[in-house]
Structure formats: C-alpha cells, structure tokens
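Colleague: Generate coordinates for the entire structure from the input sequences, incorporating the hints supplied.
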Amino acid sequence: EVQLVQSGGGLVPPGGSLRLSCAASGFSFSTFWMTWLRQPPGKGPEWVANIKPDGSDTFYLESVQGRFTISRDNSQNSLYLQMNNLSPEDTAVYYCARIGPTGVVHWDYWGHGGLVTVSS
Amino acid sequence: QSVLTQPPSVSGAPGQRVTISCAGTSSNIGAGFDVHWYQQFPGRAPKLLIYTDTNRPSGVPDRFSGSKSGTSASLAITGLQAEDEAIYYCQSYDRRLSAYVFGTGTEVTVL
Chain A
67 EVQLVQSGGG
77 LVPPGGSLRL
87 SCAASGFSFS
97 TFWMTWLRQP
107 PGKGPEWVAN
117 IKPDGSDTFY
127 LESVQGRFTI
137 SRDNSQNSLY
147 LQMNNLSPED
157 TAVYYCARIG
167 PTGVVHWDYW
177 GHGGLVTVSS
Chain B
17 QSVLTQPPSV
27 SGAPGQRVTI
37 SCAGTSSNIG
47 AGFDVHWYQQ
57 FPGRAPKLLI
67 YTDTNRPSGV
77 PDRFSGSKSG
87 TSASLAITGL
97 QAEDEAIYYC
107 QSYDRRLSAY
117 VFGTGTEVTV
127 L
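Protein chains in written order, with this note's numbering: chain A, 67 to 186; chain B, 17 to 127.
Just so you know, these hints were derived from the structure itself, not from any lab. Keep in mind that this is a model prediction, so the values were computed, not measured. Yeah, the Cβ is synthetic: ideal placement off N, Cα and C, and Gly gets one too. If a hint is listed, it holds; no wrong ones were tucked in.
Okay, the calculated bits of chain A under chain B, using three or more residues with CB under 8 Å as the criterion:
#1 103–115
#2 165–173
#3 177–184
Modeller: Put into structure tokens, the structure is as follows:
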C-alpha cells in the first residue's frame with residue numbers, strides 16, 4: 067500500500083523558516099517524480115514544486131522560487147521542503163504527492179497534509 | 017487567481033446526472049495539455065478521480081467520466097449518490113505561467 071506520511075508543520079513568524087518532511091513507503095520511491103502542493107484556508111490546491119526521481123532537476127512556482135527548496139533522500143525514501151523567508155501568504159496546508167507513472171503530471175497519491183501558519 | 021474556471025456549485029437529486037465544467041484558455045487546455053480531476057472531502061487530501069482527460073484510476077466507480085473539447089473540459093457524475101457530496105477540482109498545465117494549475121473548485125450537493 068502506498069503511504070506518504072508527513073511531518074514538520076507548525077506556527078512560524080514572518081521571515082522565519084520551516085522544513086517539511088514526507089516519508090514514502092509501498093512503492094519504488096527512487097523511480098517517481100515527487101511534488102509539494104499547498105492549499106490556503108478555504109481555497110483550492112496550488113502546485114509548489116516538483117523534483118526528478120534522482121533529484122537532479124527541480125521546478126518551482128514563481129512565487130516561491132529562491133525561498134523554497136525541494137529535495138529528496140532516496141536512501142531514506144524521504145522528500146523534503148525547506149521554506150525560508152516565510153510570509154503570511156504562505157499559510158496553507160502543505161501536501162506531498164506522487165506524480166503518476168504515465169509521464170503526464172497529475173498526482174495519484176497524496177500525503178495527509180500539514181498545516182503551516184505564518185503569523186506573529 | 018486560478019486560470020481554470022469552474023461553477024461554484026452544482027446540485028442534483030440521488031440517481032441524477034450532473035456535470036461540472038472547467039473553462040480554460042489557449043495557454044492551458046486549449047494548447048492540448050491534459051486535464052485531470054480530483055475529489056476532496058472537508059479536512060482530507062484531494063483524491064485523483066480522472067487522469068489524462070478520460071481515464072479512471074483503479075477503484076474509481078465508472079459513474080465518474082471525463083471529457084475535453086477545445087478550451088474546456090467536463091466531469092460527469094451519473095447515478096448521483098449521497099457519498100458524492102464533495103468539492104471537485106480540475107487541473108492542467110499553463111504554458112504562459114509555466115505552472116501546473118487547478119480550477120476554482122465546484123461543490124457538489126446531493127438534494
């Protein structure tokens with residue numbers, strides 16, 4: 067059974083940093099593209115960043131480029147999102163998700179989500 | 017703001033058929049990019065319902081079907097059931113934004 071178990075959310079002041087983690091199991095993690103998405107309260111989901119299976123390529127939403135870093139450790143079957151210089155607009159439930167195997171970007175498995183609140 | 021527009025809500029009686037539209041532009045759906053659909057219950061992660069316009073993942077009932085034409089796509093639910101009450105989102109890629117984008121979301125209510 068595919069599982070994505072997240073950790074690391076919480077309350078952080080504006081300008082602060084936070085690191086999210088996502089532990090994968092039940093599939094060959096090192097062969098799948100992975101993604102972080104977020105969903106602000108009362109709004110729809112928003113794509114944040116993608117990472118290639120071997121970690122050699124990453125892609126970001128323009129508004130987080132330079133502040134967020136997606137990374138992975140295939141030896142630990144883990145995905146990470148380092149978030150720096152956070153602003154209140156980054157407040158959201160953050161999800162890790164697996165990109166489906168067909169080569170077209172859609173997300174077939176999602177983590178349970180972790181709330182990140184940026185507030186003083 | 018989302019570049020994919022959906023009606024805020026649709027409703028139907030049990031057993032009826034409802035459709036949800038997803039209106040895009042020439043930089044996303046109209047450019048030929050695939051459309052995918054997700055179902056989300058309150059407090060839960062979205063769940064993949066339809067991928068690549070018309071395909072259902074294993075375990076998704078065949079009451080759900082997708083279609084695409086021109087700059088828009090649609091999700092149809094036939095034989096509506098109480099358990100279908102949820103918010104539905106379409107998703108595609110926008111080449112002008114260089115980003116994967118979601119629709120505005122549609123809340124389905126079973127009367």
